[in-house]
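Peer 1: One letter stands for each residue in the lines below.
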Amino acid sequence: MTKRKNPFAASWTYEPAPESTDHIQIKKKYDLFINGEFIKPQNNKYFETVNPANDEKIAEVALAESEDVNKAVKAARNAFKGWSALEPKERGKYIYRIARLIQERAREFAVIESLDGGKPIRESRDIDIPLAANHFFYYAGWADKLEYAFPNRKAKPLGVAGQIIPWNFPLLMAAWKLAPALATGNTVVLKPAETTPLTALKLAEIIRDSGIPKGVVNIITGAGKTGAEIVNHPDIDKISFTGSTAVGKYIQKAVAGTPKKITLELGGKSANIIFEDAAIDQAVNGVIDAIFFNQGHVCCAGSRLFIQESVADTVIQKLKDRMSTLIVGDPLDKNTDIGAINSKRQLKTIENYIKIGINEGGEIYQTDCKLPKKGNWCAPTLFLNLSQSHKIVQEEIFGPVLAIQTFRTIDEVVEKANNTPYGLAAGVWTQKGAKIFYLTQKLKAGVIWANTFNKFDATSPFGGYKESGFGREGGLHGLKPYVKFE
Amino acid sequence: MLTDLSKIPTYDTLGVQERVERFQKRSIKKSSKTEGLRKILSMIDLTTLEGKDTRGKVEQLCYKAMHPHDALPELPTVAAICVYPSMVGVAKNALKGSSIHVASVATAFPSGQSSLKVKLDDTRFAVNEGADEVDMVISRGKFLSGDYNFVFDEIAAVKEACGKAHLKVILETGELETLDNVRKASEIAIQSGADFIKTSTGKIQPAATLPVTYVMLDTIKDHYLKTGKMIGMKPAGGISTSKLALNYLVMLNEVLGEKWMNKNYFRFGASSLANDVLMQLVKSETGFYQSANYFSKD
Chain A
1 MTKRKNPFAA SWTYEPAPES TDHIQIKKKY DLFINGEFIK PQNNKYFETV NPANDEKIAE
61 VALAESEDVN KAVKAARNAF KGWSALEPKE RGKYIYRIAR LIQERAREFA VIESLDGGKP
121 IRESRDIDIP LAANHFFYYA GWADKLEYAF PNRKAKPLGV AGQIIPWNFP LLMAAWKLAP
181 ALATGNTVVL KPAETTPLTA LKLAEIIRDS GIPKGVVNII TGAGKTGAEI VNHPDIDKIS
241 FTGSTAVGKY IQKAVAGTPK KITLELGGKS ANIIFEDAAI DQAVNGVIDA IFFNQGHVCC
301 AGSRLFIQES VADTVIQKLK DRMSTLIVGD PLDKNTDIGA INSKRQLKTI ENYIKIGINE
361 GGEIYQTDCK LPKKGNWCAP TLFLNLSQSH KIVQEEIFGP VLAIQTFRTI DEVVEKANNT
421 PYGLAAGVWT QKGAKIFYLT QKLKAGVIWA NTFNKFDATS PFGGYKESGF GREGGLHGLK
481 PYVKFE
Chain B
1 MLTDLSKIPT YDTLGVQERV ERFQKRSIKK SSKTEGLRKI LSMIDLTTLE GKDTRGKVEQ
61 LCYKAMHPHD ALPELPTVAA ICVYPSMVGV AKNALKGSSI HVASVATAFP SGQSSLKVKL
121 DDTRFAVNEG ADEVDMVISR GKFLSGDYNF VFDEIAAVKE ACGKAHLKVI LETGELETLD
181 NVRKASEIAI QSGADFIKTS TGKIQPAATL PVTYVMLDTI KDHYLKTGKM IGMKPAGGIS
241 TSKLALNYLV MLNEVLGEKW MNKNYFRFGA SSLANDVLMQ LVKSETGFYQ SANYFSKD
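Quick note, the sequences are listed as chains A and B, same order.
Throughout the first sequence, residue numbering follows the working numbering, covering 1 to 486 in sequence.
Throughout the second sequence, residue numbering follows the working numbering, covering 1 to 298 in sequence.
Listed next, the stretches of chain B that the computed footprint assigns to chain A, with coverage defined by at least 3 CB atoms under 8 Å from CB atoms of chain A:
1) 7-17
2) 20-27
3) 218-225
4) 256-263
The hints are simulated quantities; they were obtained by calculation from the structure and are not laboratory data.
For glycine and all other residues, C-beta sits at the position ideal for the given N, C-alpha and C.
Generate coordinates for the entire structure from the input sequences, incorporating the hints supplied.
Peer 2: Here it is, written out as structure tokens:
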């Protein structure tokens, strides 16, 4: 590994500033939220959810098995008739109420999100929770305006939606899926990821408190097997999944030949492209945010960096200097930039890819930040001297590992950026407007950011090309996967 | 010789704002806060730049500079007193025996709208009176009309007139409009011999801002990488609270780092900041905020 002493190293260190946990309430044991109440799982089995920053157990969570999934789907089916027939503005009212309740308890949600998932409190506080509330606010507004969303067509709900969400943005992904489904009159069985179930279960409390009719939202917990039960359940009309491409492919096979509709938001290996005419310093900062945001556990993370050769040395030096200022550690510390890796399993995956990168002859660079002894940690990592043929350039790592390549011309970089089975996002850094428009036409990605990265908004659709999935979430487009037309 | 300014880096305003917001989100508490506040106090150029300045006013300010708050022992003194050239002699005399520098604005401050001869005379007068540091203004009109060589030559001439005195070059960023212009002016100032670059006169709004200071720090960083020479930075005007000053210090810490974290390379140009810093320091000592009446106003 190459070492470089940063001539601009900081000396003034910030004393820990942990967010207080006094105000949060976590039960020792969480049951399944079915038909408006928390009930014990049929076989009375529970599993642990742990804090990835210190390996301590936070709570026990019910394991839903086939009878429980049955029960949840049945509750959703029973609630569908009333909920879909409800006056649309009444539906909107409940969704607004959920949004406001999230806002009121934003601090508690932020702390629990960081405790359970390992992401820095700055992110859960400033990004995850406010965006989740925004999604509910936004889709509440659509509930009674669907005739304007789909002019001259009569949009009808699909029925019962099975929604399976990932562990990287637990509450936010729940909001992305629940809000449009509810606004369009569907009922829901939602399963959070097994490593991060707590904010979804807190959301279940809010949903119960909102007074929404029983059975409209059911939240059940479990691992992949529970998810498979949902996917294969005969009385579900719609599957919406966010997660890995491997599981996405399994789901697509499983629903083939059934009338189930499906939305998949899968992996990515998104390209971030820096041209010589970019505002280099801001581009460097953007690259940092693009790959190290949420420890790189972001499906649209800018995990491949392409730098125009004329500025490559400058950019790489600035990247290394900037990386050395990143604070890695306690997710609850307000000064933390990079938190804990979500699970032991994911840490192993990332470490394995780092090994592969080294074995393939990539030049690794890591900052010499001190990592805590307990918990799951990975130092921010760069790989240089790579080509399209390297495995760490081709496969999604889902961690704080950036694969860097250089390029000479715009057509060369377009070809390389598109030379991947994925197509979720891309970033373009140049001060030339014409170049931005040219690239937005050429790059095959669902989202293209110009001179910024990882910006999300409830009004803006999000989704992929190719093996990054299909269907869109967010914005007007996000309504369509939950309706059929008469 | 001025280098080709068409080759200097460009800035994305939104990107710079985003970066600056992250500095503002750092939570500085307890001992790191005390350490930061003491640093800030030691970096202040205590300033009075008014037409109504008198000998009495300047002498009082100098005493305050040497005795920021005697109730708190072992406080650092401020870095310098900043006055008009006519008050340099008074300040020099009042500060005798202390290590506090006297900085003088010069070169037809604050507008700079005069002849080179007048500006050089102004500078020499200040230096002859005993100024350790000269804060000059650039000709913004010439800069905005693209006459960069004029600006370069003028700064070089003033630098020569300064002799041993340190030269701070005020860009008056509030009149330069864009961050790219701030970068360009910073390049010109550094290349023509500035020891420090400074944001503002304090007479024009906006004065110092975090984004503008960020661009200037970035210029200093690039200059160091290219030449190995360290240039100092002085944001001035509008920094009146400890909280904001700590934001600046965090930015300095994370952009330029340890070597710049001292009064030789960083200054705050401010008049009311010192008392707010003192109030915070007393609070960290005693746990209570004291009334402003307990802090001397000079």
